[in-house]
Amino acid sequence: MRRLILTGLAAILAFSTLPSASISAADGPEIKIGSILPLTGSSAQTGAGLKAAQQLAEDLVNGHISYPLPMAGARGLPNLGHAHIKLIFADSQGKPDQAKAAAEQLITQEKVVALIGAYTSSTTATASQVAERYGIPFLNPSSANPKLHLRGFKWFFRTTPHDGIFSENFFAFLADMKKKKNISVKKLAIVYEDGLFGTGSADAEEETAKKFNYEIVAKIPYSANTTEVTAEVQKIKAAKPDVILITSYLPDSLLYMKAFKEQSVDVQAILAQDAGFIDPGFLRTLGKEANFVFTREVFSLDIKQRNKSVPLIDQLFRQRFNNAPLDGNTARDIMGVLVLADAINRAKSTQPDAIRTALQQTDIPGERTLMPWTRIKFDATGQNTFGAGIIEQILDQKYETIWPFAVSVKEPIWPMPAWSKR
Amino acid sequence: MKTIARDRNVLTLIGLLVIGVFAAFGVRDVVVLDLLFTLLIYAVLGQSWNWISGYGGNISFGHAIFFGCGAYAAAIATARFGISPWFAFPLGAAVAAVLALAVGYPTFALRGHYFSIATIAVGALVETFVKTQPYLGRANGFELPIANGFAALQFTEKWPYVLLALALFAIAQAATIGLERSRLGYYLRALRANYGAAASVGIDERRWKLIAFAGSAVLASAAGVLYAQYTLFVDPSSTLALPISIDIALVGVVGGIGTVWGPPVGALVYVFLAKAVALKLGGAGKGYDLVIYGALIVAIAAVRPSGIVGAAIEALRRRRAVREAGG
Amino acid sequence: MEQTIDVFAQLLVSGLLAGLLFALVAVGLTLVYGVMDVVNFAHGEFLMLAMYAAFGLALLGLQPLVALPLVVIAMFFFGIVVYRLFIRRLLAGPPEATVFGTFGLLVLLQGLAQALFTSDFFSIPNRPFAQTLHFGSVSVGAAAIVEGIGALVLTGALFAFVEYTETGRALRAVSEDRIAATLMGIDVGRMNAVAFGIGAACVGAAGTLLMLSYPVYPRVGADFALTAFVVVALGGFGSVQGALVGALLVGVLEVFGGFYLAPEIKMVPVYLAYLVVVLVRPQGLLGRR
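Residue numbers (the numbering used here), protein chains in the order written: chain U, 1 to 422; chain R, 1 to 327; chain F, 1 to 289.
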């Protein structure tokens, strides 16, 4: 018995001293960047795409083909003797404690010079705490929770806008629509999955709605694991909102759309907070029933007029990942790696303090990115305040950018035609 | 019964503690220390589950609620009230014990799977409750404020956490060894062996199970406090959700239900597979670690259903019987 | 006033249909328990496998209703295989062996699904029965009606099988008294295998019909299965009629709870109802003993 346990303990200790699978035999000077992603667990599907995206960015930096993007085609980091960057991936499993462990492994064993990750807000929270403790820069390309940059951290940098900003985008859109098309919207229903993502989004929406004097006639949290949404939809219908603001994952978004159709829930518009609504499965499953839905997006292939690199990178990404087009998550993660590489290069050093200073001095004009943002420039809290979302509408079973009007490709259709008339 | 000094279990425990202390101070590798901490926490959780589900025979799939009591006690104490998390130990324990009594009193009348489903129901109710209460953080949970020092129960290094976890583990094991030797343990064994006979002799099932349940809840709650102070993030899905309860149950059962060393061995297997392998293979993102963990559990269940430790005990007994028979 | 009645009617109909869906999933589970005293915790994963199978057949051009008999037969044999290779061994061990053995199966199957099929969501293209039917002020999807009919047919067929066929009688004998059944010459091992196979076949039917309304992904089984366990326990382990009654009750409670209380706590009345029922009747609504 004793022997069994002692052997077990010894095995664990021995096992963990084994070198990780990622150390390569032929090593040039390499700059290691740790990436924490949900590669298993409920966000695994997104995680896989993010990994492919980051690897694409790694190859862009290390490669020699130039694109109108920071560091693309630089053949490594020029200021560091063209040393290649190398991404070391660790699986957070979507769990905050595992993300923490992954961050620690990457920092202490792999000796990464910076971290990037971790998609879900709860894993980003704990992983960035570790980075803060060790004094390693942490770049967050795609977490939405509005509070992440308000923790007084020095090492945390977020390129993506958060749900607070996205929420303001919705209302800016509504205000613009009022000016342009004289729509009349007073009553809102906020529907959201009751986890971290949905709650953060809904709270931000409620706060902003109140600021602009809208009336919230229904606030409906629901469990994302539910298999039916009858009561939720009846409540929405009973409240007679003008616009429904909805935050859902894919399975529940499908349930809602089906129920809206079946119960003839006619509203002026359905405004979704990406996630399930931009998942390829949404359009694939619903076909023409998805038409007229608006969704906040982070990215669109339509911005290619201004962002010349978009179609090129989209092509490259499709080749790598099941012919899937570039989307908001993957585009942001590509930019995240590029921004980090750019900062390390400008720092001319792998010292954390130097990288941090370089990050603080980041200033990339929007056209030289994949995003519809004006710039990438961090404020004192580490948040890029020059980002914003765009609004798309599904028209003829395609996602069309319709806001900001400056980058729109089509006229929005408002209000949504009644379900019975489609 | 052997004297305490000669009891094999006690000697093993002391041996492990010595190794543990050396490891805490000697091992520099952060990843190994993290695995050690997780191992100890899960060993404690599995052991606490073992009291009611192993010795008690009532298989619970809702044990995470007690773990959550401690975790949330620590989170609320530090994030909301700014007091020392050491208060979370008695506070969490009190809430956990009361919860255990409230839940156990009506449900111990249920047999077998009805009890198990009831624990799932209770777990879901608790999780829903927390998710709807703003002062409990709803779905957002709590990020614990960064602090340092013994009084704040937070450290920049890992070894203090491992030592504290080791201490808790020692308490859990000692308590379990004590349980086996005590009257409570005797009664629980009698109830499990032959419920009807035990009841007819006057053993009050409910009373003894409630005591065991409350004790197990307090233990789990203590683990929760340490976990919260280590991870610095508490939310319903990482502390109260059904998957957590299932993880705890699997730890208890893989090692061997109703034995002193079952849960620690189960925790070893769990940490090894679910954490260590995930860290190494996890980059592939294909769920291979789940396949391996699942296959292992299936194999153990098929070949040695009494768990690893249970099988070892059986083997030892057989050998002793052969020896005594002069063979 | 009229509107409140309309809403009530809609909630009732939708609740019953949701309940029938739960019954569809739950019915296979309760039979296995009745005969073998085994709760198959991997039941949800069997459902998931059936859904993937139905999806695969749909890609080959076989719509769910056509694919149904194929999936049912395949799942029947799958159940027999799982029984022979694995469940049989669990039965020889201590009572908790079946609990953690089937849990291990759950983890293994989910891991395999993720490894083989990725975490992507797959839906049947051009699903049949996508129209909405209107009955006065109540609207229901055609697919939900098909699923509901399927549930009733399945429950009825299973009930008839258990009550009126010879094998069914043998199964009932085993579930009532294993030793006596052996003495009567019934091959208990074979009956166990048959029961497990039938349980899997039922869930095969459920999975195929579910593909009319839901996507399949590695975790899809978990959500349905959880409610199925509560339903089976509520109705009484081992009772097919109990599963149906329990399911209808759960469906209605969930929907009414969601509307008249709050959507966030719509499962609360379900769990409370379960606790209240078993505390008053520890064997569930229609369970034995």
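Don't take each hint at face value.
No more than 20 Å apart at the CA atoms, straight line, and that leaves these computed lysine to any residue pairs for SDA-like [what the hints assert, rightly or not]:
id	chain 1	residue 1	chain 2	residue 2
1	U	86	U	410
2	U	237	F	132
3	U	288	F	142
4	U	86	U	59
5	U	288	F	123
6	U	410	U	268
7	U	288	U	320
8	U	111	R	135
9	U	240	F	123
10	U	348	U	146
Output of the computed footprint for chain R on chain F, the stretches with three or more beta carbons under 8 Å from beta carbons of chain R [what the hints assert, rightly or not]:
id	stretch
11	64-72
12	148-162
13	263-270
Quick caveat, the hints were computed from the structure, so don't treat them as lab data.
Keep in mind the model is a prediction, meaning the values are calculated, not measured.
Backbone N, C-alpha and C fix where the C-beta goes; we use that ideal spot for every residue, glycine too.
Hint check:
{"no.": "1", "hint": "U/86 with U/410", "verdict": "41 Å, violated"}
{"no.": "2", "hint": "U/237 with F/132", "verdict": "17 Å, holds"}
{"no.": "3", "hint": "U/288 with F/142", "verdict": "18 Å, holds"}
{"no.": "4", "hint": "U/86 with U/59", "verdict": "9 Å, holds"}
{"no.": "5", "hint": "U/288 with F/123", "verdict": "15 Å, holds"}
{"no.": "6", "hint": "U/410 with U/268", "verdict": "18 Å, holds"}
{"no.": "7", "hint": "U/288 with U/320", "verdict": "29 Å, violated"}
{"no.": "8", "hint": "U/111 with R/135", "verdict": "40 Å, violated"}
{"no.": "9", "hint": "U/240 with F/123", "verdict": "31 Å, violated"}
{"no.": "10", "hint": "U/348 with U/146", "verdict": "32 Å, violated"}
{"no.": "11", "hint": "64-72", "verdict": "violated (count 0)"}
{"no.": "12", "hint": "148-162", "verdict": "violated (count 0)"}
{"no.": "13", "hint": "263-270", "verdict": "holds (count 4)"}
Going down the numbered hints, you'll see the structure goes against 1, 7, 8, 9, 10, 11, 12, while the others check out.
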